[in-house]
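There are 2 protein chains.
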Amino acid sequence: MVFSKFRPLDEKTLVEYIKSVPALSSKLANSFDDLSVKEVGDGNLNFVYIVSNSEGSFVIKQALPYVRCIGESWPMTKERAYFETLALKEEGRLSPAHVPEVYHFDRTMSLIAMRYLEPPHIILRKGLIAGIEYPLLAEHMADFMARTLFFTSLLFRSTTEHKRDVAEFCGNVELCRLTEQVVFSDPYKISEYNRWTTPYLDRDAEAVREDNLLKLEVAELKSLFIERAQALLHGDLHTGSVMVTRESTQVIDPEFAFYGPMGFDIGAFLGNLILAFFSQDGHADETNDRKAYKEWILKTIEDTWNLFHHKFTSLWDEHRNGAGEAYLPAIYNNPEVQLLVQKKYMTNLFHDSLGFGAAKMIRRIVGVAHVQDFESITDAAKRAACERRALELAKMLLKERRKFEGIAEIISAIRQY
Amino acid sequence: MVFSKFRPLDEKTLVEYIKSVPALSSKLANSFDDLSVKEVGDGNLNFVYIVSNSEGSFVIKQALPYVRCIGESWPMTKERAYFETLALKEEGRLSPAHVPEVYHFDRTMSLIAMRYLEPPHIILRKGLIAGIEYPLLAEHMADFMARTLFFTSLLFRSTTEHKRDVAEFCGNVELCRLTEQVVFSDPYKISEYNRWTTPYLDRDAEAVREDNLLKLEVAELKSLFIERAQALLHGDLHTGSVMVTRESTQVIDPEFAFYGPMGFDIGAFLGNLILAFFSQDGHADETNDRKAYKEWILKTIEDTWNLFHHKFTSLWDEHRNGAGEAYLPAIYNNPEVQLLVQKKYMTNLFHDSLGFGAAKMIRRIVGVAHVQDFESITDAAKRAACERRALELAKMLLKERRKFEGIAEIISAIRQY
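Note that the protein sequences, when read in sequence, are chains A and B.
All residue numbers for the first sequence refer to the UniProt record's numbering, where the first residue is 1 and numbers rise by one.
All residue numbers for the second sequence refer to the UniProt record's numbering, where the first residue is 1 and numbers rise by one.
Hints may be right or wrong, so weigh each one.
Because identical chains share one entry, a pair is satisfied inside a single copy or across any pair of copies.
Said to hold, decoys possible - Taking lysine to any residue pairs in the SDA-like style, the calculated list, with each CA pair at most 25 angstroms apart, reads:
{"id": "1", "residue 1": "Lys299", "residue 2": "Glu220"}
{"id": "2", "residue 1": "Lys189", "residue 2": "Pro329"}
{"id": "3", "residue 1": "Lys189", "residue 2": "Gln342"}
{"id": "4", "residue 1": "Lys189", "residue 2": "Leu224"}
{"id": "5", "residue 1": "Lys89", "residue 2": "Arg164"}
{"id": "6", "residue 1": "Lys189", "residue 2": "Leu339"}
{"id": "7", "residue 1": "Lys12", "residue 2": "Asp106"}
I should point out that these hints are in silico values taken from the structure, not numbers from a laboratory.
Predicted model, so just to flag it, every value in this text is computed and none were measured.
Input sequences plus hints: build the corresponding full structure.
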């Protein structure tokens, strides 16, 4: 058998591979004459091919044993494809409308075949840069997060199921370590990988490294990230991990999945929307001042949290007599204590989300991996001005997050920067 | 082979077993004529035999597939012996002066052979009931806790080591579930297993079940217990898991070991000392009013925390340039931030310890498993009076723990109840 051990595929060998896997060749009606194979991976890590003919289509994603955007000098286990598949299947089970179906997984080849998200699906981040509104985005993302987080938490599950899955995802440690490094460590120290819009932000980057209170808070979040197995996280839920049309929202790329604090996913999504907001002034021109679009982003941030809060607590109410270990019905099933418990839980989750969201914003401005929202602003002075406002807001949020009581206060704070 | 599958041993078959295991028979110089075998298990779970002759001695502990103090109606995996052995070896490596050496482990038989802690070693709880002072107890326990907790935490270790061991100990889920039930759940609801000094404490037990704020706090601690893998815990560090002489302190029975919040171990030990304190009035008589002994217990509580604090932060200082993931030297190695970080960490740990300690106290008064400190007070009215003071203090500590800034304030609070 040609593929009995790992080898990186290219457009040509990929076709051989497909021919050898009935689950894939049947998607193409075993017809290879008009086959199109296109490498489209623009992420930081993997190779991604769109495979299609007149009969059908799918996407092939292959993990190579290093970080694509850095090269072979930064090794990274290709076992991440295994955890990505586990997560895609679990998230797909819990939120089928917002996760592409997995058709085939090959652990030896670190290869996943899944539904091709056909045009007009685009990466959400590109839509945000282009100024496109997605009226269902908040609703869909709130739904995805509420369902995947609630159903994998102790609000729904027994300790036995929880520890079994926590143990399994402990295996994805290399990807967790990558997050620890690039989100919680590198931005706060001198690192060869860090970069920022120089020379404009030189002092700002230095200020991050010298801010003791900031470092104190980010240490607490880092420990939470490593130690607190609250739910199955996507682990990288920024606006580049979501594909959208006006009607559809699809969450992809959960290779960083593990059991961690829920606020990390919620914060990743909200934090990246805030980055998109602050980048808009850099995209404004005579034909479009982006003012209305900025309002839409703010509304989406506010709606996402509010809808998440509503959906999550509704799931909790619905399943309060279930097997969830955290709040046994025999103890907590009276309206007064239920209210107290939910308020405390959701307030803590809100503060966690603000903290993690802020940390994700900071790392995108002074760390290794930047976002297209800012990178696509060609005028460096203008870009730096946008980035600085986002950075200042993020630093304040990280340090003061426990003072905020609701998302409306966050929207006000964003407007002030 | 006679013992190729699990069978519960008795005094007779135990000798056959020992003969078949060279590591054990050699401890007895292969001489079985003057052999003495004595079953001494007085714990809640297992069978324990002291085996000795003129040449040597050891203890054999066998886990049966149910909870000994309840019977076969409460099944409990015998795999706990495997985790107990893992923990004994790890704790023994980290704190050799305070953990008995393991001589032999047989996973099939769920059987551990270890050092026999010869007389005058007795269970600490019995010493506390007898009113015996142990001048080195605080020092030794502070040392054991500081070393086992520090060296298995992210202050010393990398995420890779951490997740590997967290995953392993996820397997000890049945014992974790037992703790969840008897510590964090049963005391707060009607349960067939609960008992208390009736009728004196009937209203007090009911008040625990109806105290919404208490239930709110205990839920938070339960979630921490399940979710937060901060360090390798002993998992059952009460005064019945410690054997002492004036010179020696030995920690035994870590079958509940898992990766959890450090405060659970510290709280277990301090909480059981506080129970011992409140039981003293029930043991006072004409010849001994126990006043001086109560002062010694208070001093031991204060010293244990203060010495733990000192030893733990000293280990941290000593290893601050090591591989610990939580506070990388490149970010945190300046005196000002180090001070801030340690203060915050130790304050959180103090509050966790108070919360878990209080929960452990409550469950010993209105839950399934009581403590000999109180049980040995034969006058029920007198016993109830002692228990009520401990219960009231514990409820206050659980709810107000974040208001306390140091152990001296706790000692004052204990004196007031």
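Structure-based check of all given hints:
no., hint, in the structure
1, Lys299 with Glu220, "neither (30 angstroms within a copy, 32 angstroms between copies)"
2, Lys189 with Pro329, "between (47 angstroms within a copy, 10 angstroms between copies)"
3, Lys189 with Gln342, "between (38 angstroms within a copy, 19 angstroms between copies)"
4, Lys189 with Leu224, "within (20 angstroms within a copy, 30 angstroms between copies)"
5, Lys89 with Arg164, "both (16 angstroms within a copy, 24 angstroms between copies)"
6, Lys189 with Leu339, "between (43 angstroms within a copy, 18 angstroms between copies)"
7, Lys12 with Asp106, "within (18 angstroms within a copy, 55 angstroms between copies)"
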